[in-house]
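Peer 1: Letter by letter, the chains look like this.
There are 8 protein chains.
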Amino acid sequence: MSATYKRLDKDDAVLLMVDHQSGLISLVQDFSPDEFRNNVLALADIGVFFELPTILTTSFDAGPNGPIVPEMLDRFPDAPFIRRPGQINAWDNEDFVKAIKATGRKQLIIAGVVTDVCVSFPALSAIEDGYDVFVVTDASGTFNKTVQQAAWQRMSSAGVQLMNWFSVACELHRDWRNDMEGLGALLSNHLPNYRNLMTSYTKLQEAKKE
Amino acid sequence: MSATYKRLDKDDAVLLMVDHQSGLISLVQDFSPDEFRNNVLALADIGVFFELPTILTTSFDAGPNGPIVPEMLDRFPDAPFIRRPGQINAWDNEDFVKAIKATGRKQLIIAGVVTDVCVSFPALSAIEDGYDVFVVTDASGTFNKTVQQAAWQRMSSAGVQLMNWFSVACELHRDWRNDMEGLGALLSNHLPNYRNLMTSYTKLQEAKKE
Amino acid sequence: MSATYKRLDKDDAVLLMVDHQSGLISLVQDFSPDEFRNNVLALADIGVFFELPTILTTSFDAGPNGPIVPEMLDRFPDAPFIRRPGQINAWDNEDFVKAIKATGRKQLIIAGVVTDVCVSFPALSAIEDGYDVFVVTDASGTFNKTVQQAAWQRMSSAGVQLMNWFSVACELHRDWRNDMEGLGALLSNHLPNYRNLMTSYTKLQEAKKE
Amino acid sequence: MSATYKRLDKDDAVLLMVDHQSGLISLVQDFSPDEFRNNVLALADIGVFFELPTILTTSFDAGPNGPIVPEMLDRFPDAPFIRRPGQINAWDNEDFVKAIKATGRKQLIIAGVVTDVCVSFPALSAIEDGYDVFVVTDASGTFNKTVQQAAWQRMSSAGVQLMNWFSVACELHRDWRNDMEGLGALLSNHLPNYRNLMTSYTKLQEAKKE
Amino acid sequence: MSATYKRLDKDDAVLLMVDHQSGLISLVQDFSPDEFRNNVLALADIGVFFELPTILTTSFDAGPNGPIVPEMLDRFPDAPFIRRPGQINAWDNEDFVKAIKATGRKQLIIAGVVTDVCVSFPALSAIEDGYDVFVVTDASGTFNKTVQQAAWQRMSSAGVQLMNWFSVACELHRDWRNDMEGLGALLSNHLPNYRNLMTSYTKLQEAKKE
Amino acid sequence: MSATYKRLDKDDAVLLMVDHQSGLISLVQDFSPDEFRNNVLALADIGVFFELPTILTTSFDAGPNGPIVPEMLDRFPDAPFIRRPGQINAWDNEDFVKAIKATGRKQLIIAGVVTDVCVSFPALSAIEDGYDVFVVTDASGTFNKTVQQAAWQRMSSAGVQLMNWFSVACELHRDWRNDMEGLGALLSNHLPNYRNLMTSYTKLQEAKKE
Amino acid sequence: MSATYKRLDKDDAVLLMVDHQSGLISLVQDFSPDEFRNNVLALADIGVFFELPTILTTSFDAGPNGPIVPEMLDRFPDAPFIRRPGQINAWDNEDFVKAIKATGRKQLIIAGVVTDVCVSFPALSAIEDGYDVFVVTDASGTFNKTVQQAAWQRMSSAGVQLMNWFSVACELHRDWRNDMEGLGALLSNHLPNYRNLMTSYTKLQEAKKE
Amino acid sequence: MSATYKRLDKDDAVLLMVDHQSGLISLVQDFSPDEFRNNVLALADIGVFFELPTILTTSFDAGPNGPIVPEMLDRFPDAPFIRRPGQINAWDNEDFVKAIKATGRKQLIIAGVVTDVCVSFPALSAIEDGYDVFVVTDASGTFNKTVQQAAWQRMSSAGVQLMNWFSVACELHRDWRNDMEGLGALLSNHLPNYRNLMTSYTKLQEAKKE
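Chains as they are written, first to last, in full-length UniProt numbering: chain A, 1 to 210; chain B, 1 to 210; chain C, 1 to 210; chain D, 1 to 210; chain E, 1 to 210; chain F, 1 to 210; chain G, 1 to 210; chain H, 1 to 210.
If you're looking for bench data, these hints aren't it; they were derived computationally from the structure. Every value quoted in this text rests on a predicted model; they were computed, and no experiment measured them. Where is the CB? At the ideal position from N, CA and C, for every residue including glycine. Hints are not guaranteed to be accurate.
[As the list claims (entries may be wrong)] Subject to a maximum C-alpha distance of 20 Å in a straight line, what follows is the list of computed SDA-like cross-link-like pairs (lysine to any residue):
| no. | chain 1 | residue 1 | chain 2 | residue 2 |
| --- | --- | --- | --- | --- |
| 1 | H | 10 | G | 92 |
| 2 | B | 203 | D | 73 |
| 3 | F | 10 | F | 209 |
| 4 | A | 145 | E | 60 |
| 5 | C | 101 | C | 131 |
| 6 | D | 106 | G | 3 |
| 7 | B | 203 | D | 63 |
| 8 | F | 145 | F | 32 |
| 9 | G | 145 | E | 29 |
| 10 | A | 203 | E | 60 |
| 11 | D | 145 | A | 203 |
| 12 | F | 209 | F | 198 |
| 13 | G | 10 | D | 92 |
[What the hints assert, rightly or not] DEER-style ranges, computed between Cβ atoms:
| no. | chain 1 | residue 1 | chain 2 | residue 2 | range |
| --- | --- | --- | --- | --- | --- |
| 14 | A | 129 | B | 10 | 19 to 27 Å |
| 15 | A | 209 | E | 104 | 13 to 21 Å |
| 16 | H | 94 | C | 202 | 51 to 59 Å |
| 17 | G | 94 | E | 207 | 54 to 62 Å |
With the hints as extra help, turn the sequences into a complete structure.
Peer 2: Listed below in structure tokens is the structure:
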């Protein structure tokens with residue numbers, strides 16, 4: 001019994017960054033702060049690199065949840081930015097869903113804070129509406145590992161695909177030859193050990209030329 | 001292939017608190033005692049806040065298992081309280097099932113001690129009887145993480161949805177505007193870091209007014 | 001979509017203890033030795049208590065794998081004991097399968113060493129032959145947690161139910177009133193903290209009588 | 001070679017609560033938020049129960065570090081509260097040291113956020129000035145376990161005694177008969193499993209009387 | 001509901017070793033380096049022992065990813081070795097798929113670095129093309145446990161079977177009598193504690209003969 | 001700079017078992033219940049085996065702390081058993097210290113519940129009084145690992161030697177030839193994997209004789 | 001018995017960055033790569049911010065160990081850079097020790113890769129030569145946590161002070177008022193959750209002004 | 001206060017390999033079997049490489065403890081091999097101490113199984129007799145991490161230096177130039193990721209020459 005491989009396609013994918021707000025992020029404890037920040041920015045850089053239509057949304061960003069982290073606005077100055085007045089599930093916000101529909105795309109790449117609510121709820125709603133949903137597990141954070149695992153299981157059972165930012169990048173890119181330097185720079189910026197490999201390699205190549 | 005999103009609805013949900021007894025809780029080691037107590041009380045407060053029909057049950061509470069923890073009776077003084085004379089699976093107790101049927105609701109939110117028995121058995125029975133079942137993983141405890149994981153897997157494979165108390169609250173609430181202060185108070189009481197966000201925010205708002 | 005609850009029935013269950021041999025057990029590192037020994041003996045005591053037809057089997061027990069641990073022979077002196085001459089999957093041994101068929105039962109409770117092979121292989125074969133299979137995760141051991149998790153996932157995907165010895169006991173027993181003292185003794189012998197609850201309770205009851 | 005037992009004495013001890021501010025606490029990740037909140041409040045309740053002279057201090061509490069958590073002011077409305085204008089090491093603040101000297105006591109019980117700075121620095125300074133210093137490890141938090149361990153080691157090497165809130169309470173109390181109900185209440189409020197023991201015990205005692 | 005047991009068959013299986021390159025392996029942190037090296041070599045030795053058709057592939061091995069580790073070339077000097085010029089998913093490389101088809105076999109045993117990309121992508125593609133896919137979890141490595149778990153879940157949901165090198169060896173071998181010394185040597189070389197069992201056993205057998 | 005090796009001597013050692021009570025033990029979470037029970041009983045068996053003068057003590061054993069676990073009374077029916085009326089530090093109880101002095105011995109082996117109080121306090125007092133103190137870390141339990149580590153550090157800094165039950169047994173025994181079967185039985189009863197080694201060995205020896 | 005507080009002084013401290021080379025860093029597994037990179041750069045930024053005399057050194061940087069990571073050269077273009085021709089312990093290299101002596105300072109802040117060798121050896125040598133040594137534990141990495149712990153213990157026993165980059169910054173800075181914005185920027189760049197606190201705070205301050 | 005750096009000197013060091021026997025090693029669970037085997041062999045290879053006088057000893061190697069692992073005899077065919085007839089502490093065996101004295105050396109490098117007994121006891125005895133003792137923590141194994149930590153603490157408090165095999169190698173070697181290829185080969189054989197660095201480097205160097 002074979003299954004269809006739901007494969008990310010850069011011409012059919014939308015990136016949804018949900019509730020990466022300064023207050024909410026301080027609740028995240030299933031990743032170390034350094035790792036989480038790096039993962040979120042890596043995913044944002046993927047959106048920029050592949051020119052994915054990207055939609056930002058926040059929940060109550062004038063209150064304790066805090067404003068969206070400025071790195072999002074820097075990277076996506078022109079993206080639709082839906083500041084939800086109260087809906088917890090972004091899918092309950094018409095503007096958010098309209099913004100998605102306006103892209104005409106059917107693959108949703110979702111990351112957010114917290115995983116069990118801000119990611120999970122729209123992911124489940126989107127599945128119901130017929131979208132293919134790819135949750136970026138390491139750019140989504142929550143209170144602790146136990147909550148993380150339960151949320152993953154609920155989403156996976158409903159048909160959500162669990163990915164990580166690196167596999168999103170690779171599945172979108174398909175072939176290094178599409179832009180070798182571009183992908184290399186992306187990896188170098190967000191994978192310290194890959195950067196080290198490149199540093200060692202480049203040094204030796206330079207030595208070679210001498 | 002899209003799937004229906006089984007979404008908690010505060011008008012269709014019942015809360016079942018199974019065997020949160022003083023003796024049995026002392027067996028729980030997959031959560032630290034502080035975390036577990038907080039999670040259980042958070043879930044109970046959710047029941048009160050959303051005015052969910054709630055059913056309490058215990059197993060042999062005059063013996064070593066110990067009495068129900070008093071916080072349950074305090075919060076749910078009028079709830080049906082089924083003291084099972086021997087049935088391990090609460091679903092084998094007619095009064096328990098009758099109490100559920102009397103609510104006319106089809107969504108069961110279950111938490112209890114221990115996860116692999118007192119939660120898992122009625123959850124599986126309820127699925128078979130056509131209910132939608134939502135197990136609150138972090139308000140349910142057991143002997144260790146290995147037992148926890150096996151029990152989660154068994155329930156998930158049978159169609160149980162794994163949730164945590166925070167996502168239960170958010171899925172029931174739907175929109176902050178339904179009762180902003182109420183939900184805020186609930187979170188503040190049970191999420192220390194959310195309380196901190198509110199403390200910082202309020203202080204700055206006050207300073208602003210001066 | 002409701003699912004049938006595959007529920008252990010003491011009149012339809014067989015206990016299969018696979019390769020609990022002194023050499024092989026020394027390979028187990030996903031449980032501490034104290035925990036593992038306790039879990040295995042608890043499961044064996046369950047077999048005795050519920051008078052389950054029980055089948056023992058070993059692999060090459062005259063070689064480095066070592067003999068079956070003596071506690072098995074002590075508890076099940078009359079059980080069929082299949083010393084496999086070479087088959088790794090016990091299901092490939094005709095005598096083993098015949099011994100199961102001879103019981104006329106359809107629910108298989110399996111535990112063994114190592115989980116990914118000695119448990120997993122016959123579990124998958126039995127599923128294919130139409131049995132209901134219940135693997136006792138904490139009475140089955142293997143090299144490390146990573147191997148354990150992969151083996152659990154493979155079995156669960158094929159329809160195996162993952163349980164632990166305590167939930168097996170409770171699901172078989174159904175109602176404390178069937179034998180209160182018997183189950184109490186079983187738990188007291190294998191759950192140190194339950195024994196503590198009973199000690200405290202008994203002491204206070206005695207004080208009461210004075 | 002015998003050593004003097006530096007033993008807490010409720011008539012010679014001062015409690016120093018350093019920088020338990022709403023912003024700083026959100027940085028703590030070496031304890032779960034529930035555990036940390038409980039530990040800090042338990043220590044504060046110890047201060048109240050033993051009527052220890054208590055000194056509160058904060059660092060920049062009008063800025064991002066946030067205000068002192070309100071529970072401190074509630075419990076210690078009359079305590080000296082030193083809002084440091086800039087000194088990172090509270091010992092560099094003259095008012096803070098004066099407040100300590102004013103008590104005439106020589107045993108300092110210190111807890112704070114973060115362990116490696118706000119606790120460690122004054123602890124080391126106090127040792128140098130001849131005080132006996134007792135750091136409450138579980139009411140002091142920091143970024144992660146690695147930082148925690150290095151800070152503990154640095155302090156311990158300098159002669160700081162590492163304790164936890166429960167051992168502080170017990171060493172101050174000396175004998176249950178000094179106030180059985182008082183200590184019982186303290187433990188019941190902050191040790192969920194001790195509360196469970198008391199619930200079971202009380203229930204059985206009541207049953208006895210009937 | 002019974003399921004077919006997809007069982008490895010040494011006459012129908014192909015071994016695919018994907019991107020075990022000196023640079024990429026240095027990125028692996030979900031296994032300790034000693035464990036990972038041992039697991040990879042154990043799997044390679046399985047390929048040799050069972051004379052499985054084996055296909056090697058690398059990604060950009062003249063760049064920072066580094067050359068294939070020499071142990072692969074030593075063990076499989078005649079295997080097809082596909083040095084992919086850019087395709088990230090090996091299945092996108094025609095030569096790679098052709099080499100598999102040329103074997104006429106339908107069971108793919110896949111291991112590689114990193115799990116979430118170099119293993120996961122061809123595994124999902126192969127499922128779609130009707131192959132049975134067995135991923136060797138402990139001979140595949142990636143950045144951390146969180147990424148590992150998400151990748152396992154994605155593959156498992158698509159029908160991939162998760163195995164470990166030891167279970168692969170045992171499922172292929174079926175019966176110790178097929179080559180007792182051969183399998184014994186394989187285990188002795190890669191399971192230090194099994195080697196210890198054999199050492200103890202052999203010593204005692206020798207003593208016996210004297 | 002050489003240091004004197006403080007070495008346990010079976011003719012100079014006393015065993016102090018402090019507060020191993022059914023209620024208090026249920027608070028222990030730095031060991032799994034199975035491990036902890038095994039460790040405590042192993043240490044008790046060491047006391048019996050080496051005929052060490054042994055002193056039992058409890059704190060409030062008619063209240064929630066619960067009675068001493070019956071295994072202690074079974075093993076040491078004639079030992080001084082000091083039921084402290086209120087002193088938390090057993091060293092504050094004159095009868096306890098007198099019982100120790102009556103033995104004329106200077107080496108104290110201490111284990112108890114909880115480590116940071118019931119063990120730590122008398123250990124520190126005894127050091128001050130000139131005794132050599134050996135705390136049995138794995139037969140002493142407390143709330144969690146963090147508390148355990150702080151308590152160990154406090155005691156170690158004061159000159160307490162940290163040991164485990166196995167090293168206590170070996171240091172007292174000195175030479176297997178003093179009683180080979182006796183020590184073998186002790187280890188076999190409390191080290192499951194050592195029991196396995198003996199099972200394998202004995203079986204092969206028997207086979208040899210045939 | 002009071003001890004002198006060895007306190008970092010920005011006018012007496014030297015920063016030694018030892019062997020942060022692209023190859024060697026890829027061996028580090030006691031920190032996640034993201035955390036380690038952040039910690040190392042934070043420490044380097046501390047050196048720049050406090051204008052500490054800084055000395056760089058590498059071991060065999062033309063070979064497999066790889067070149068120094070470029071971020072070091074960027075931050076310290078004029079620092080003495082000792083490329084050791086073979087000495088493993090940097091203290092065995094005369095130029096390195098001379099460079100330190102040339103600063104006339106007596107407090108050494110050391111970080112490097114790997115902790116147990118490249119950090120530990122010069123730290124122990126420097127202690128012997130009368131320096132005060134402060135090892136930055138989280139900017140020093142090694143093979144795994146076990147090696148880390150043994151190395152810390154060895155150094156701590158010899159009188160090395162174990163610190164982390166954050167406590168180094170705070171101990172050097174002494175008082176926020178010395179440069180509030182400077183320290184704020186340093187923390188914001190390397191503590192994601194502190195950055196979040198500042199984002200929330202600034203936003204609210206801005207709102208206030210409106 | 002400066003301390004003398006006790007530094008390993010290849011002309012003053014002896015290597016003591018204590019009880020690395022096939023049965024005893026199967027008890028080790030504080031390291032994975034692959035890691036432990038690698039660490040032990042790495043240390044043995046260090047002995048060979050630096051031509052250290054080496055002494056082997058076993059305890060009851062004809063019984064359940066099992067024979068010495070053959071790799072030791074292979075590497076040290078001419079080393080004194082003391083098969084102790086019963087003494088648990090090797091230092092109690094006169095032949096063992098004589099063999100050490102015969103070397104005229106004063107630095108003892110000790111590793112063995114189990115850490116808390118077979119390593120700890122002779123280490124403490126040797127300190128008392130005036131030797132400098134270096135325990136190789138990662139080539140010494142025991143039952144679990146808790147036992148490991150207590151044993152480390154006991155030894156460290158007595159003046160034992162805790163090292164790991166890699167730091168032993170580096171401290172003995174002092175300078176790469178003493179034998180660059182020799183040390184490189186040693187590291188390559190026992191540090192998989194260092195081998196990877198060398199593989200990448202060599203490949204690039206070869207490419208350079210073409």
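Peer 1: Decide, hint by hint, whether the structure agrees.
Peer 2: Against the structure, the hints:
no.: 1; hint: H:10 to G:92; result: 16 Å, holds
no.: 2; hint: B:203 to D:73; result: 14 Å, holds
no.: 3; hint: F:10 to F:209; result: 38 Å, violated
no.: 4; hint: A:145 to E:60; result: 36 Å, violated
no.: 5; hint: C:101 to C:131; result: 11 Å, holds
no.: 6; hint: D:106 to G:3; result: 15 Å, holds
no.: 7; hint: B:203 to D:63; result: 10 Å, holds
no.: 8; hint: F:145 to F:32; result: 12 Å, holds
no.: 9; hint: G:145 to E:29; result: 13 Å, holds
no.: 10; hint: A:203 to E:60; result: 18 Å, holds
no.: 11; hint: D:145 to A:203; result: 36 Å, violated
no.: 12; hint: F:209 to F:198; result: 16 Å, holds
no.: 13; hint: G:10 to D:92; result: 16 Å, holds
no.: 14; hint: A:129 to B:10: 19 to 27 Å; result: 23 Å, holds
no.: 15; hint: A:209 to E:104: 13 to 21 Å; result: 48 Å, violated
no.: 16; hint: H:94 to C:202: 51 to 59 Å; result: 55 Å, holds
no.: 17; hint: G:94 to E:207: 54 to 62 Å; result: 59 Å, holds
Taken one by one, the earlier hints fail for this structure at numbers 3, 4, 11 and 15, listed in ascending order.
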